[in-house]
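Colleague: For the protein sequence lines, the chains are A and B, in the order given.
For the first sequence, numbering that gives the first Met the number 0 begins at 0 and goes up steadily by one.
For the second sequence, numbering that gives the first Met the number 0 begins at 0 and goes up steadily by one.
Among these hints, one or two may not hold up.
Label pairs and their calculated CB-CB ranges [unchecked claim]:
#1 B:Arg4 - A:Arg57: 42 to 52 Å
#2 B:Leu11 - A:Asn20: 44 to 54 Å
#3 B:Val76 - A:Ala16: 53 to 63 Å
#4 B:Asp63 - A:Arg8: 40 to 50 Å
#5 B:Lys118 - A:Asp44: 18 to 28 Å
#6 B:Ala25 - A:Asp44: 38 to 48 Å
#7 B:Asp44 - A:Glu55: 29 to 39 Å
#8 B:Asp63 - A:Asp44: 43 to 53 Å
Honestly, the hints are just simulated from the structure, not real lab data.
Bear in mind that the values here come from a model prediction, so they are computed numbers and not experimental data.
Note that the Cβ used here is the ideal one computed from N, Cα and C, for glycine as well.
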Amino acid sequence: MEPRSRAVRAARRLLDALGKNQLPVKIHEIAKNYAFVQHNNLTNDVSGMLIPTPPESRKRWIIVVNKNHSHERQNFSMAHELGHLVLHAYKTPHADGIQKIRFRDAESSLGRDRDEIEANQFAAELLMPAKLLIPRLEQLGLGAWDGNPSKEVGTVIETLAMECRVSEQALVLRIGNLLHRDERY
Amino acid sequence: MGKNRSADSRSLSRKVQSAFGTKLKAARRQSKPKVTQSAIAEALDITRTSISNIENGRHRVFLDQVYAAAERLRVPVASLLPDEAEILTNVPVSVSPTSGLTVSETERLAPYVEEALRKATMMGGHSRQKARD
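Could you put the whole structure together from the sequences, leaning on the hints where they help?
Modeller: Okay, here's the thing in structure tokens:
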């Protein structure tokens, strides 16, 4: 089934085109095809930036991630910026800070906020593709979770987060969104 | 065009000329039916050699010529103009509303943008090896 979100569709097209069907998805290898990738010293509240380059440059974009953040977070930031590149192609530099988790409301469906949701959806699908994540969840016994918190759940999350090279928080959010009807496909 | 222009002004001029030339050439190549250099030259009332020089960034153009070229190519004038981000160094940094960053902080972010651009220029001079980690 075609996913409704154009961000998810874009991420899947990219994964398919590159023939990526194994975890972890190596985001650096993907991103560097589209942009100069830099790990720079940024202030702690900035996680990443997408910067268009001058016309004479060999690549059209620069993706910067904050090298002081954890590798997992840098991976997600890189995928998030790649999402902006693919989906929004800003003509001026764009900076992203610490994402506040918030529920969707009328406000969040407008303008740049929508862009951020799309970049996050793109990043989540790219690093934790549904077609790879769901079978792994089932293999690890989380396919039909009864909702009771247990030690096992924690272990599975830890294992899978390591496999995907993302933070546990990112993975938990991802699983939550996958279970949510409109992001499953 | 005076000879006492500052280095900054000459550099800006070169950037604009070169970017405009690239846009013009691209628009001409994409035009259907194809608009030749001679056809543009005729519309601008200059020689074909001048068009070639403009496309290669060697000649400056007048604003009316930009309009005449756009009309002949049947494209919006704006589509021939280089984006400000390509030309200007101090462009505003956009920030995501959920990021906790505010627009007034773009000044604080500018040095990071400059650093990244500087590094990219260095990376651009090298082989792809440099971009690998």
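Colleague: Does the structure break any of the earlier hints, and which numbers would those be?
Modeller: Numbers 1, 3, in rising order.
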